[in-house]
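Visitor: Using the working numbering, the letters of the sequence shown correspond one by one to residues 3 to 342.
The hints are simulated quantities; they were obtained by calculation from the structure and are not laboratory data. Computed from a prediction, not measured in an experiment: that's the story for all the values here. Hints may contain errors.
Stated by the list, open to error - The list that follows gives simulated cross-link-like pairs (lysine-lysine, DSS-like), each with its CA atoms no further than 30 Å apart:
#	residue 1	residue 2
1	LYS203	LYS192
2	LYS192	LYS78
3	LYS203	LYS78
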Amino acid sequence: MKTYWLVALGLAALMTACGTTDNLPVPPSPAPPPTSTPPASPPTTPMPPVAPPNPPSTTATELQNGAQHAAGSRVKSTYFGVEFTVPNGFTAGFAEQNGVQLLALNRPEVTILMVLQHGIERAEYQQLLSQPFALGSQLNFQPIGGTVQNGDVLSAPFGDVSGISLLFQTIPNASGFSPILLGFSRVEQKALLEPSLSAFKNSLRLTKGLTTSGSTALRTQWQNLLAGRALVTSGGSFDQSGNGTGSTSNDTRLRLCSTGEFEFTRTSSISINVPNGAGLSSIDKDQSVGRWSLESVSTNASILVLTDGLGLQRRLLLQVSQSGLLVNGVPFRANTSSNC
């Protein structure tokens, strides 16, 4: 599947899931018109000293959808073989959708996004960096200087009429993909982008990740574990106050037939009611059918590939832990499927 391109098709949604769209640096409000008598200048306060970097954690935590990580945390993506430390002064959010992972690092002056995705060729990067693109409905970025190549790294600056600067960079990686870095700041603070991206890249450790095929015996074990199973998870929440009630629910079911077919269904709902009897509710459903396969296997982890009838693919990281089966870090029940 050629995602042309993630920024245009799904990055805005992932940013919302990370809580990033509300944290992008925004242009300052216009200054008020001068008055005849200028107000007295407030007393100056010395700037506090810059805090030293937080000591990194010694053990890396697996990234999970919706998780937040504080400065100094050591985190990793086993699927892509990426491990890094959240820089001092930043907080990090994470979201995953259809095999694409997005890490958002936020602080008041700069936002850094790292996008992890397989299947993007170098020529696609070069084409992307030479053309305008939109990010959601608010930002429309234009290239402002051309692409710069430094070794295997591609870099290009962009600008938006609202006054936000963007610096786009790729990082070569031996495991067959390039992490994409996007740094955002107000135009008057764009000098912070390059050093901020460099500091983050210095903490990155890139490994091969789960990209090898694994032994035949391991592959057979995983196929026997999954074939004829229905992987199920569900959850929800309920809140009540004097202003009314609200509830959410979600249900995900993945049937993996021994014949190689799959059926995927995800249903989410939300309901809000207020004391005067008014309310609203909505239901969102995501469904697909097709063929399933194993892209790679190891003793405790595997990449499950779901390919639908249109050839679109969804990749899931499966892990076996003491608590059971995890799918992209979320516990699932493995039931016998009556439909296979």
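Visitor: Give a verdict on every hint.
Guide: Verification of the supplied hints:
1. Proximity of LYS203 to LYS192 is assessed by CA-CA distance (about 18 Å); at most 30 Å being required, the pair is judged to hold.
2. Proximity of LYS192 to LYS78 is assessed by CA-CA distance (about 28 Å); at most 30 Å being required, the pair is judged to hold.
3. For the proposed pair LYS203 and LYS78, the alpha carbon gap of about 14 Å is at most 30 Å, so the pair holds.
Of the numbered hints stated above, none is contradicted by the structure.
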